[in-house]
Each structure stands twice: as structure tokens, then as C-alpha cells.
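K.L.:
Single-letter residue listing:
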Amino acid sequence: MSQNYYPEGDSFRQSLSGRYRIANIWQALFLSALVIAVLSLVALLYNVIDGAFGYVAFEYKNDPSKFTAKPLDDLTRQELLDILKVNLSSGAYTKLDNEKPMQERSGSVLYTLVLERLIQIDTKQTWSMTDSILRSAEIKAEIAQKYPKAKLEFRSWLTPVFLTTPMSSKAEFAGVRTAILGSLWMVGIAILFALPIGIGAAIYLQEYANKNFINRVIQTNINNLAGVPSIVYGMLGLAIFVRALEPFTSGSMFGIMDSNGRTILSAGLTMGILVLPLIIINAQEAIKAVPDSLRQAAFGVGATRWQTTWHYVLPNALPGILTGSILAVSRAIGETAPLIIVGASTFISIDPSGPFSKFTALPIQIYQWTTRAQPEFHAIAASAIIVLLILLLTLNAAAVLLRNHVQRKY
Amino acid sequence: MNQLDLSKKTRIGESVIQTLLFIAGFLSIFITVAIVYELGKEAWLFFGNPDVTFAKFFGTTTWQPSIGQFGILPLVTSTLITSFIAIFVSLPLGLAVALFLSEYASPKARSALKPVLEILAGIPTVVYGYFALLFMTPLLQKIFGEQTVEVYNMASAGIVMGIMILPLISSMSEDALSAVPRALREGAYAMGATKFETSIQVVLPAALSGIGAALIIGISRAVGETMIVAIAAGSGPNFTFNPFKAAETMTGHIARISGGDLSYNSIDYTSLFAIALMLFLVTLVLNLISQTVINRFRQRYE
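Chains A and B are the protein sequences, given in the same order.
In the working numbering, each residue's number is its place in the first sequence (first place is 1) plus 411.
In the working numbering, each residue's number is its place in the second sequence (first place is 1) plus 3.
Hints listed in this document are in silico derivations from the structure and should not be mistaken for laboratory results.
Think of the CB as a built atom: it goes at the ideal place given N, C-alpha and C, for glycine as much as any other residue.
Where hints are given, some of them may not hold.
Stated by the list, open to error - Only some residues are given here: those of chain B computed to face chain A with a beta carbon under 7 angstroms:
id, residue
1, GLY28
2, ILE32
3, GLY125
4, PHE138
5, LEU171
6, ALA193
7, MET230
8, ALA258
9, ALA279
10, PHE283
11, LEU284
12, THR295
Let's have the full structure, built from the sequences with the hints guiding it.
P.N.:
Below, the structure is given as C-alpha cells:
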């Protein structure tokens with residue numbers, strides 16, 4: 412078609428319908444991209460849930476009748492205790508007793524101990540939720556043929572017990588208690604470190620800084636830090652906190668001698684540096700949103716800059732700053748790479764007792780369990796992911812509620 | 004009569020506070036300097052090793068620092084391949100999503116759909132890693148056959164990385180598209196252009212620099228992404244261009260080596276910092292370019 416030719420009459424109408432057809436096709440394509448995005452999210456969530464529930468076929472390594480004549484489920488708390496006392500080696504029993512006195516443990520905990528230590532479960536095969544529901548009969552037949560002695564059980568890998576038991580080398584008895592506590596400790600330290608500094612920096616940049624060279628550099632630098640890959644922060648943490656500041660982060664400065672620099676404190680400080688730019692940028696946005704008239708009114712009655720900031724700007728910016736901080740927390744909870752680098756331990760069965768403890772964290776557990784070859788570890792990885800996602804969803808919902816609240820105000 | 008003194012007073016408290024706030028702001032510069040210094044120091048030790056020459060570093064294809072093989076190429080190629088796949092997935096999809104949301108969707112549909120993308124953006128990368136290994140890889144194996152697709156492969160890591168970057172690209176592109184003044188669209192409509200013609204021939208070109216910035220940020224994110232590749236792309240450097248084969252990326256290598264027992268001052272330790280320095284510089288340059296582009300773009304329409 413030449414540059415100066417415009418169709419008229421019938422040929423115009425014909426080309427018009429063609430143009431509309433093309434437009435519709437493309438609109439459908441754009442829409443399908445959106446559908447693909449939504450489907451990916453659905454597939455991801457489904458994949459996780461699918462992995463966390465389903466049939467398990469297992470055998471008892473030692474027959475329960477060796478330990479008791481009664482069926483396992485009918486045993487009382489005292490009987491369970493006696494079985495443990497009689498059958499465990501005295502060393503193993505004392506060790507358990509030292510961790511937490513046996514008399515104080517509940518019946519279900521003792522039951523799990525009997526299963527874990529004495530009877531011992533040998534998981535033969537696991538199935539996803541979909542398979543378990545759709546091919547139930549097939550699976551039962553297959554198990555009856557392949558492992559005649561095995562029991563088949565529809566199991567939810569995500570249970571209250573999963574949340575409250577510490578790590579174990581057996582997937583069937585592992586829990587995320589130590590990991591959740593480790594994550595909380597780490598995030599707590601990160602926020603204690605990053606929040607005051609972040610808000611301070613944001614106040615400086617929005618309320619005090621004039622447009623000179625240094626302040627422009629600071630601003631550009633913060634924006635860039637926000638884009639630095641998290642693994643680089645991990646390397647920084649390894650070099651500074653784990654290695655150079657080892658006397659401080661291992662606690663040997665304070666008389667604690669049993670660990671090296673790979674502690675919760677190192678991880679928390681590393682994570683604090685990682686979320687700092689995020690907190691600054693969000694706090695800046697919140698402070699920027701406070702109307703200038705407020706400041707001018709305060710200056711007008713003779714308030715100093717800090718009085719204005721402290722009494723008028725900050726209280727009004729607070730919800731926005733909090734929203735930003737919550738988002739920073741959820742970022743810190745999900746970050747994995749820096750924790751691997753600063754040396755989160757993978758097997759920790761004792762609750763962290765303070766900033767100088769060795770630690771593990773929820774995403775670290777997920778990573779570890781996902782990379783194991785046995786499918787039962789994938790099942791507990793899926794359960795841990797559900798725990799993590801629920802945690803993040805709660806945090807983000809809180810942030811969104813707070814944000815909506817603020818939007819209504821102005 | 005008492006004269007009111009209106010001259011400027013020095014207030015010590017105010018100056019102290021201002022100084023403290025400045026220090027808080029300046030700390031960010033200190034962090035950047037610390038990153039460059041610490042990474043640079045160890046990388047310097049690495050390159051100071053007489054066995055490491057630039058010719059070896061960039062010219063050979065085996066990476067095994069502990070036995071004197073210093074060819075970074077296998078790690079670089081796998082990083083490039085996974086990033087390229089990620090961009091190949093996320094750019095067209097992200098752009099289409101952005102066009103749909105900014106040009107076609109009603110405000111109601113937009114406010115219903117954007118949270119979905121925000122959720123996608125908020126999912127931790129380790130979860131994407133699980134998804135890549137236990138969903139995408141079996142899917143690829145079903146499509147292309149288990150002989151062609153290895154259990155750990157770059158393709159599934161790249162595709163899932165693309166899904167991870169999609170919300171970033173779509174939200175940045177959407178910002179760019181909706182910053183295009185309405186007058187441009189109305190002008191096109193007045194000339195009789197359809198909505199599609201307006202979007203593609205008028206709005207898209209006007210927003211191109213903003214979309215370019217989104218693309219660059221996306222690349223930088225893909226290059227620095229660790230967990231997905233650490234879980235799904237395989238362990239062990241492998242010089243290959245076949246996306247269905249396992250190959251370790253720069254980030255995946257750092258994560259695997261530092262996860263184990265690592266003694267300070269060993270060549271393994273310093274080599275990790277050399278790789279991290281490369282990562283830092285690459286992403287820094289990409290981010291700076293993207294920021295400059297965005298600032299220019301903003302100035303044009305404000």
C-alpha cells in the first residue's frame with residue numbers, strides 16, 4: 412500500500428473488518444498471556460498442596476508385638492513410658508530425658524518416640540494427592556502385591572506435630588519448630604538493626620538533605636543497593652560478620668565459646684543490610700506522601716525542623732512506614748541464598764537459645780528437603796512451603812490492610 | 004520594652020540529630036564501599052595467584068579451582084542460557100500482560116488481576132525452585148522425553164525464572180505504558196485507528212524506553228537469581244549449550260561451594276569472591292543503565 416493511498420467505500424469497509432479481526436486476535440493473545448500468568452500461580456500452589464498430602468506405604472522394621480501385647484493405639488501414657496524405659500539403651504534414654512524430662516512429655520509425643528526409636532518406620536513409597544484420590548484402587552492393589560506387609564495410610568504431612576517438633580533425620584518425624592524459631596530470631600535482629608537506620612536515612616533524605624552532590628549520590632546508591640543480588644549480600648556477610656567480626660558475632664567477646672561466626676547474629680545483620688534499601692525507599696515514599704501544608708503550619712508556629720519531623724511528619728507517615736517494614740520482613744523471611752552463604756546449619760534439633768546460637772531457617776529447610784532424593788522429603792518440603800506461604804500471606808494481608816487504611820485517610 | 008531576639012540560635016540538639024540522620028543516610032554508601040572492598044580484596048588474592056591468568060580465566064572451559072582449572076566460561080554460559088530462557092519467557096508474556104492491563108482491562112478487572120501478579124512476585128525463590136524441580140522438569144520430560152531432558156536442566160530453571168520475573172516486567176512496563184499521555188491515544192483514535200493499532204503503533208513506541216528499562220532490570224534479576232538454579236539447574240560446572248542438560252550457574256556455584264565446609268584463604272574461597280565481584284559489577288551496570296533510562300523517560304512526560 413503506497414503512502415498516500417487511503418481506501419474508500421467498499422474496499423475501506425473490507426479492510427476495516429480485516430483490521431478489526433487482527434485487533435481481536437491480538438487482544439485474545441494479550442489476554443492469554445494473563446491467563447498463563449494466573450495458571451502458573453495456580454499450578455505452583457496446586458503442585459505444593461499436591462505434594463503435602465497423599466498415600467504413604469510403610470512397613471514396621473520391628474514388629475510392635477516385640478514391645479507390647481496391646482495394639483499400639485490403645486497404650487496409655489504410662490505404658491508408653493515404660494516401653495521406652497525398658498527398650499531404649501540407658502544412654503539414649505538419659506539423653507532424651509536431659510533434653511526434656513520424659514515425665515513432662517505428653518502421650519502423643521511419647522507415642523511418636525516409640526515409633527521413631529523402637530518400632531522404626533520404613534517408608535516404601537509415597538503418592539501425590541491427585542494420584543491418591545484418582546488411582547486409589549490401583550495403588551492398593553499395587554501395594555498388596557509389591558509389599559504385602561506394608562500398611563497404606565492417607566497422610567497429611569502437614570500436621571500440628573510437624574509445626575512443633577524439631578528436625579529429624581527421618582522425614583516421617585521431622586518438623587519445622589527449630590526452623591521457624593530460627594527464622595523469627597533472624598528477622599527480629601534484622602529489623603532491630605535495619606528499621607531505625609532505615610527510617611533515619613529516609614528522614615534525612617526527605618526532610619533535611621538539600622540537592623547537593625553527596626545527597627544525590629546517596630539516593631542513587633540506595634536505589635542501586637536495592638537491585639544488588641541477594642547472594643552478593645551473603646558474600647558480604649560471610650566476609651564481614653562471619654569472618655572479620657567473628658569475636659563479636661560468635662559471642663566469644665562475651666564469654667560464649669561454643670560456636671564460630673556462623674550464628675543467628677551474623678545472619679540477622681546480613682539480612683538487615685539486605686532489607687535496608689527496601690526500608691529506606693518505602694519510608695521515603697511514606698514521608699513524601701505527608702502533605703507539605705502540615706510542615707509549613709508547624710514551621711509557621713516556630714517549630715524547629717526536628718520538632719516538625721517528630722511531632723507532625725512522622726506520626727502521619729507511620730502507617731506507610733509500617734507497611735514498608737512489613738514488606739521488608741516478608742522479604743527477609745523468604746530469602747534463602749544469603750543464609751546458605753553465611754552458613755545456616757542444616758541439621759539443628761535444639762531450639763536456638765540466643766543470638767549466638769547456630770541456627771537453621773524455614774527456607775533453608777525447604778531447600779535442603781527439596782534437594783534430597785527421597786520423595787518423602789519432598790512431601791515435608793511441600794508442607795514447609797505451605798507454612799512459609801501462610802506466614803507470608805498473613806504478613807502481606809496485614810500490609811495491604813494498613814495501606815488501604817492510609818489511602819482512605821488522605 | 005523587651006526586645007524579642009529573632010536572630011538564628013545554634014541548637015546543639017538539632018545539630019546532633021541532623022548529624023545522626025546524615026550518618027544513617029551515609030551508611031548506605033559505606034555498605035556499597037564495603038561490598039566493593041571485601042569482594043575486591045578476596046578477588047585480588049584470587050587473581051594474584053600465579054596460576055590464574057586472564058587468558059586461562061576467560062579462555063578455558065573447565066572450572067575446578069582446587070585442582071588448578073580456572074576457566075570461568077562454563078559458569079558464564081550457563082548463567083547466560085538460563086537468563087536468556089527466562090527473558091525469552093517473561094518479556095513477551097510480561098509485555099502482553101502489561102498491554103492488556105493498561106490498554107484493555109476495565110479498572111475493575113485491573114484491580115482484581117493485579118493482586119495475582121503481586122502474589123506471584125511475593126513468592127520466595129526457594130519455592131520457585133521446588134516448582135521447577137518437581138513440576139516443570141517432569142513436565143518437560145513428558146513433552147520432550149526422558150532421554151533428552153535430564154533431571155537437572157537449565158531449561159526448567161530458566162522457564163520458572165521467567166515466571167518469577169514476569170510480574171516485575173509487567174508492572175514496570177505497565178507503569179511506562181500508563182505514563183504515556185492520553186492525548187496521544189485520543190489523537191490516534193481521532194485518525195480512525197483501532198485500539199490495537201493505537202496500542203502497538205502509538206503507545207508502545209512512546210513507552211519503549213520504559214519497557215527497555217524493565218527488560219534490563221529483568222536481565223539483572225535473572226543473572227543474580229540463585230535458589231531456582233541452585234535447586235533445578237544442576238550442580239557441577241558443565242560447558243554445554245544444550246538447555247536440557249545440567250549445568251551450574253555462577254550463583255548456583257557460589258551457593259553450593261559455600262554451603263559446604265570452606266576454609267578461609269583457600270583458592271576455592273577466594274574464587275567465590277571473584278565470581279561474586281563479577282556478578283555485582285554486571286548487575287550494577289545493568290541497574291545504572293535502567294535507572295538512567297527511567298529518569299530520562301520520566302522527564303519527557305512530566
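K.L.:
Run every hint past the structure and note whether it holds.
P.N.:
Results of checking the hints against the structure:
no., hint, verdict
1, GLY28, "4 angstroms, holds"
2, ILE32, "5 angstroms, holds"
3, GLY125, "6 angstroms, holds"
4, PHE138, "4 angstroms, holds"
5, LEU171, "11 angstroms, violated"
6, ALA193, "15 angstroms, violated"
7, MET230, "5 angstroms, holds"
8, ALA258, "5 angstroms, holds"
9, ALA279, "4 angstroms, holds"
10, PHE283, "5 angstroms, holds"
11, LEU284, "10 angstroms, violated"
12, THR295, "10 angstroms, violated"
Of the numbered hints stated above, those contradicted by the structure are hints 5, 6, 11 and 12, listed in ascending order.
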